[in-house]
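Listed in order, the protein sequences are those of chains P and D.
Residue 332, in the UniProt record's numbering, is where the first sequence stops; the numbers in between run on with no holes.
Residue 366, in the UniProt record's numbering, is where the second sequence stops; the numbers in between run on with no holes.
Bear in mind the hints are in silico, worked out from the structure with no lab data behind them.
Note that the structure is a prediction, hence the values are computed from the model and not measured.
C-beta: ideal position from N, C-alpha, C; glycine also.
It is possible that part of the hints are untrue.
[As the list claims (entries may be wrong)] A short, non-exhaustive set of chain D residues, derived as facing chain P with CB atoms under 10 angstroms:
1. Q117
2. L123
3. E135
4. N140
5. S176
6. A345
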Amino acid sequence: MSLPRYVARRLGQSVFTLLGVVTITFLLVNAAPGDPVRIFIGPSADASAIAAMRAQFGLDQPIHIRYIKYLMNVVQGDLGQSINYRVPVTQKILERLPATLLLVASSFTFAIITAVPIGVLSAQRRNQLSDHVFRIFGLIGVSTPSFWIGLLLIIILTYHLGLLPATGLVMPWAPPSAVDHATTRLDVLYQSGIHLIMPTLTLGTLQMAAIMRIERSSMLEVLNQEYVSLARAFGVSERTILRKHAFRNAQLPVLTVIGLNLTTALGGSVLTETVFSINGIGTLIITGVNARDYPLVLGTTLFYASLFVIGVLITDILYAYLDPRISYGDES
Amino acid sequence: MSDTPLLKVENLKTQFFTEAGTVRAVDGVSFTVERGEIVGLVGESGAGKSVAVRSILRLIDSPGHIVGGEITFDGKTVVGFEDEPGTDGEPTRREEMLTNTEMRSQIRGSEIALIFQDPMESLNPVFTVGGQLRELIELNRGLSKQAARDRAIEILREVGIPQPAERFDDYPHQFSGGMRQRVLIAMALGCEPKLIVADEPTTALDVTVEGQILDLVYDLQDKYDASFLWVTHDMGIVAEICDRVNVMYLGEVVERASVDDLFYNPQHPYTEALLNSIPRPDQSTEDLQPLEGAMPEPINPPSGCRFHDRCPEAREVCQRTHPDLRTVTEAGQYAACLKHDAFEAAYETSRPLTDESPAAGGDRRE
Ligand SMILES: Nc1ncnc2c1ncn2[C@@H]1O[C@H](COP(=O)(O)OP(=O)(O)OP(=O)(O)O)[C@@H](O)[C@H]1O
Ligand code: SF4
Ligand SMILES: [Mg+2]
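Looking at chain P on its own, in the form it has when it is part of the complex (with noise of 0.2 angstroms):
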């Protein structure tokens, strides 16, 4: 099978993913107590300013006419308008996309580039001290909580030491007029930067530790395999065997531990960016929770799933490219 072909059947499927994902979330938002109208409005309305706000927004009708009209939006990409906002649902999320997006890529990027030379230098010293010691740092990250890391970052570098600004992000490519203490573009990337480091620790330190795990214990099991010892045997040097003939085989599993958390992370931004202040879709999640803000919560969800199933998609992809044996779909 083509890749074209075995992409286009992957988002086939996907459909009834986001299908079932659109269903429970909208059965979810609607169970639960609480009036997005009323908590909008406020306490002292009257009935008709409530009757008419509900009529706008289609609340008056059953739940069923609802569910199948807003299935129909979806098909022609309306999520809707916003309650609280009074804007469409996508012009809030692509307004808040760029904040989370540069969060979670700048915690990958650090947890990937960090965490993969470490496992393999940590396989490679199997039960040296520099592996026991990089074992026990990646078992502290992976069983610490990511809000307590935030917390006591901004505990010791923001009011302790006065290093490191604790709320909000700058955008890079934002204008120096737009940003506190910038005048220059190089004035925009050092905030930038700098209010990056603690969000991006905060985040990435649960993704390395997970993932410089999984990068040992895969290159060890990989060190351990017959064709190593058969270079090994024909003279191959050690540098050799660890980035050619070991690494690529042992990516595999990383590459799907990195693809999962990749998806997951865009959800676990939510603590992060609550912790930061920064608006991203993670609070811009919360806030529609709070307001009962029900095309909102669906539509960040929904567009969360999308992501999560191209993720997975890519990491498929991915796998098939490093792993011979794995051909696209072969299996019907």
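Given the structure of chain P, go ahead and fit chain D with the ligands onto it with the hints provided.
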């Protein structure tokens, strides 16, 4: 120089230091391989054959260590220790012993190549078959990438891979087991080493393919003028291709002979037992006497002769006295068995261990 053996292994000792104790996997093994010769190393599973051949390439991984003995190859000292241990009690390397880097650049692959046992696990699944072969030839023969590629295709043809140029870029999973074993042989031959060590390369294959592979090796040995050390537990293979044979039991060589002497005039009861356990055209199946019991663990080998608890000819003296490998016949056949006069062990007057003694490991002769 040419009158010294190509490979000389003397009193080699390789041990694994495990939590359960010291595993004496290879315990004082000596043998030689002359130029142009095919020498067999036979013995049951666990006898220490693989550990012995991997020691020759110094490919023993922790917790294993070569703790004693000498290995010389083509004038180079692969393993050599001072007689006196160092102050820490560890054996001290002699000056002329090759360093790890020298082993890698001067011996492994280029001078001694190993044919691996498992054709399914020994090729890297994520690289092409041709690419892997080319890399080893390039490295060990110092050829350019293109020249190594041409050579790789040529050698794939020689080992019987049809359409080698087309199959060059295939991955291992696209090859059958027999084909992969041919590739492993091509790897060894392509590096043009002086010695090829084959560690049971046909065990994983079915009998027809095994036959083809043996024929192939026989043909190519002439052409490449390589010497072989052939590890197997199959006496049939020994008869087919070997010139001389070393029989191993529990970390020791217990008999050494030319193939003819070994088959027609075995001097060690263990060799006899091995020969009796293979079907032969001149014997009916009732004559088959499979060796009873299992080989003990090398972690705590039996006292005296290590074979005494399974030996049909064991006597009391065998429990006490450990026989070394000695010349036992006029023709210069070697065996490590006290029943031979060369040992002057009072074997004749010693009480037999079979039947009446529980230490004999049960009654095996009716
Ligand atoms: N890494 C290791 N750690 C501990 N013991 C080992 C190790 N490798 C080998 N041994 C022991 O050394 C002994 C000899 O093993 P070896 O693999 O050389 O046997 P073999 O004669 O090649 O057998 P086979 O025919 O099954 O390949 C065995 O008892 C084995 O348990
Ligand atoms: S020394 Fe004794 S036990 Fe050992 S092989 Fe000879 S007869 Fe058997
Ligand atoms: Mg073996």
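Against the structure, the hints:
1. Q117: Result: holds, 8 angstroms to nearest chain P Cβ.
2. L123: holds (6 angstroms)
3. E135: holds (8 angstroms)
4. N140: holds (6 angstroms)
5. S176: Not OK, violated: S176 of chain D not within 10 angstroms of chain P, min 15 angstroms.
6. A345: violated (41 angstroms)
The structure fails hints 5 and 6 (numbered hints given earlier, in ascending order).
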